[in-house]
Amino acid sequence: MSEKGKGASTGGGKERSFLHAAGSNIWYFFNSLKLTLGVLITLALVSIIGTVIEQNQPVEQYLAAYGERWTGIIFKTGLHNMYHSWWFLALLAMLALNIVVCTFERFPPKWKSLLNHIPDKFDPRLIEKLAHNKTVTVNTSASTAVERMSKALKKKGYCISQSGSGSESFIYAWRGRVGRLGSDFVHISLLLILLGAIIGSYSGFKSFDAVYVGDLMKVPTAEFKLRLDKFWIDYYDTGQVRQYNSMITIVEDGKEVLTKQIWVNEPLSYKGIRFYQSSYGMAWNRVEEAQIGVRKKGSEEVTDVFTIKWNEKANVPGTPYDVKLVGYTADYEYDKAKGIVTSKSAEPNNPAVMFEIYEGADMIGGALVFLNHPGLYPSLPESANADLVFGGYKGIMYSGISINKDPGTNVVWAGSLVMGLGFYLAFFVYHRRVWVHVRQTGKSAEVKFGGMINKNTLALERELDDIADSIVSDR
Amino acid sequence: MILSLVFFTFSLVFYFITALLYLGHWIFKKKWIGQTATAMSFVALMSTSMILISRAGESGHAPFSNLWESMMLFIWATNIGYLIMEYKHKFKVLGVAVMTFEFLAMLSAFALPYKFKSAEPLNPALQSKWHWMSDLLARWDLQSYAIGWLDFHVFATFVGYAGFAIAFGLSIIYIFKERQETGVSTSRLMAAFPDARIIDELSYRAIAWGFPFLTVGIISGAVWADYAWGTYWSWDPKETWSLITWFVYAAYLHARVTRGWRGRKAAWISIAGFLAVIFLYWGVSFILPGLHAYA
Ligand code: HEM
Chain Z
100 MSEKGKGAST GGGKERSFLH AAGSNIWYFF NSLKLTLGVL ITLALVSIIG
150 TVIEQNQPVE QYLAAYGERW TGIIFKTGLH NMYHSWWFLA LLAMLALNIV
200 VCTFERFPPK WKSLLNHIPD KFDPRLIEKL AHNKTVTVNT SASTAVERMS
250 KALKKKGYCI SQSGSGSESF IYAWRGRVGR LGSDFVHISL LLILLGAIIG
300 SYSGFKSFDA VYVGDLMKVP TAEFKLRLDK FWIDYYDTGQ VRQYNSMITI
350 VEDGKEVLTK QIWVNEPLSY KGIRFYQSSY GMAWNRVEEA QIGVRKKGSE
400 EVTDVFTIKW NEKANVPGTP YDVKLVGYTA DYEYDKAKGI VTSKSAEPNN
450 PAVMFEIYEG ADMIGGALVF LNHPGLYPSL PESANADLVF GGYKGIMYSG
500 ISINKDPGTN VVWAGSLVMG LGFYLAFFVY HRRVWVHVRQ TGKSAEVKFG
550 GMINKNTLAL ERELDDIADS IVSDR
Chain E
1102 MILSLVFFTF SLVFYFITAL LYLGHWIFKK KWIGQTATAM SFVALMSTSM
1152 ILISRAGESG HAPFSNLWES MMLFIWATNI GYLIMEYKHK FKVLGVAVMT
1202 FEFLAMLSAF ALPYKFKSAE PLNPALQSKW HWMSDLLARW DLQSYAIGWL
1252 DFHVFATFVG YAGFAIAFGL SIIYIFKERQ ETGVSTSRLM AAFPDARIID
1302 ELSYRAIAWG FPFLTVGIIS GAVWADYAWG TYWSWDPKET WSLITWFVYA
1352 AYLHARVTRG WRGRKAAWIS IAGFLAVIFL YWGVSFILPG LHAYA
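Protein chains in written order, with the working numbering: chain Z, 100 to 574; chain E, 1102 to 1396.
These are calculated hints, taken from the structure and not from any lab test. Where hints are given, some of them may not hold.
Unchecked claim - Below, in silico cross-link-like pairs of lysine-lysine (DSS-like), each with a Cα-Cα straight-line distance of 30 Å or less:
#1 K220(Z) x K547(Z)
#2 K1230(E) x K554(Z)
#3 K554(Z) x K1193(E)
#4 K254(Z) x K211(Z)
#5 K228(Z) x K1230(E)
#6 K1191(E) x K255(Z)
#7 K1230(E) x K329(Z)
#8 K133(Z) x K554(Z)
#9 K1366(E) x K547(Z)
#10 K412(Z) x K317(Z)
#11 K370(Z) x K354(Z)
#12 K1230(E) x K253(Z)
#13 K554(Z) x K1189(E)
#14 K253(Z) x K435(Z)
#15 K437(Z) x K233(Z)
#16 K233(Z) x K1191(E)
#17 K254(Z) x K1191(E)
Everything numeric in this text was worked out from a predicted model, so none of it was measured.
If we strip away everything but chain Z, and leave its shape as in the complex, we get (with noise of 0.2 Å):
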């Protein structure tokens, strides 16, 4: 803004006062810590209402519980996708920049006085002044106090800056000043975990897939695929199930890089993708092998049966003909509309198997039979004076993984690792100050201090008590 200000000639100085102005406002406005907390009220309140209002279910749903008319406040107002809706957001945004205006309003003079804090020379009235001062008299020499003074300072774990002799001396000392940086590392803390999470939003991804044993699945936007090698249940004693399982192994570039149990709640995870157990059951499209029979035309009998493994070709026996299992639908229905073949379910209701018959290499037909409904349809050319009988089949077991990424997660976890970092900072380590005056006064040396603590105060009361003690007795 400032740059178009001065590039502009004419006229330019009026919008650029205008801009500044705003510019400015703006600035004080978030550089308020009451704003923080109308925000963070806000925050939590408005959060209340999407924990009443169930989140992102269907229409019908709101339109059962709230009528229509509320319905359609609820959609214009986003209330049922809430914490995704353009003022929560903007809520979110407001106290992101809060942050970002305090700190830099706040930090530079804080860091500042944080390096520059050591005092040439102070006056020693100004200990009074303190919250926290004590006068004590030391029936020694003023060295001899200064000298216990500041072993009691250190031993306590200040630091100290001594100045004067003789007569009258100056200590200052100081301890934890980077406790006053825990209260900025949660504030950038908080930026970072909000930055993981827009990251999330905008490059991560969640999908579904099924995938049958000892089949490779494709991974999106991953170069690797994933083959599942056997799906299994594990039960209880009682019968009860404990687990669902899967093996599942990593292939990229055609070569196996990784195998890994995944079950429920533990998940696989190969370059920033996690794989996780969600789901199983029967193919409904698919079988390993049918057994198949033949039966002479004219008669009961079946004979002759034989197994034809998925995608494979047989010989019919006493036939000149081969067969190629090629479909196969649990629960059999005819598009006509649309003329094809689909399951009705995923339960095994009308299981149907679809066969490609060859004459030698030559593809003559195909064929449709049922399982509970033998001879519904010729299957086999008149010539061969035999149909063909579906008589079992067994089934393949699909897994259903879930697959994610979110890249953002880490970004997450090191902005909470710095926000804990500064939690202990904040809460823990205390910034305090102590001034000391000492003054030789006949034989005896009197002793005039008091500290500063920016929280805490019991514990520098404390502290001064003890520090009192220890330099009348020499402890």
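Following the hints, position chain E with the ligand against chain Z.
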């Protein structure tokens, strides 16, 4: 009858006596009553520890898996927190607020229906131990004592609640004490409490413990959720309420550094914060739907 419930009965009596003793100390200002009260609260602490230990033995996992167990953890942590505060700052009169609260908490645990009390094996979805800890303990065949993120999460959260409970008691005293100091009331009993300034400071110290622990609790919950479900935050009611509570206490901390908000207003925020804790702890479980079973 199971052992932990026997210890519970003892503890209930102990907390009753402790609360009475602190009350007596406050009213009659006798030193010996105060000393007996402190000793008794220590006895109650030991007894509460026994509840937790025997329950861990009975259920075979860390004793924070149902509402009743978590109440015991909460009462235990509040007791320890109070004793540390009393040891450091020596204001026994303040015990009356905390120990009365402890007794009421024990009573409400007592009133819970049996299904919230019984020792149950853990639902498989909740069994996930730290591998490094299982491996380490396996050397001595103790791997069943390993804990996981979830145990840590519950523990940290409840230590946080305990800090807030203490601050709550102190904030209530603060409100009355300030009225007495400013001459609005002339209660002789209120005069027995330390200066409002000191109560405010102590209440701040309690929150200065509670807030980081709540934060660690929230973050460890997020770590667990990320691991188990693949998202560290899903805005379920329990999570949201923990964040609400967190916002309120953040407001408290900033109220104390803002001129004009120190003292009474801050004390009210601390009271509001604790109401949010109670809702977070009990309200959400009983009223709102969500992923969290109880804690
Ligand atoms: C959720 C948001 C926030 C959290 C969790 C947070 C956390 C904290 C914590 C833990 C402290 C130390 C308190 C103490 O020592 O008693 C603190 C201090 C402070 N915060 Fe925040 N803060 C937040 C937002 C803000 C914002 C938006 C501002 C902007 C004005 C702000 C300004 C301050 C200031 C000025 C201090 C005192 C600094 C000092 O004494 O060194 N905070 N904050």
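| Hints violated by the structure (listed by number, smallest first) | 2, 5, 9, 12, 14, 15
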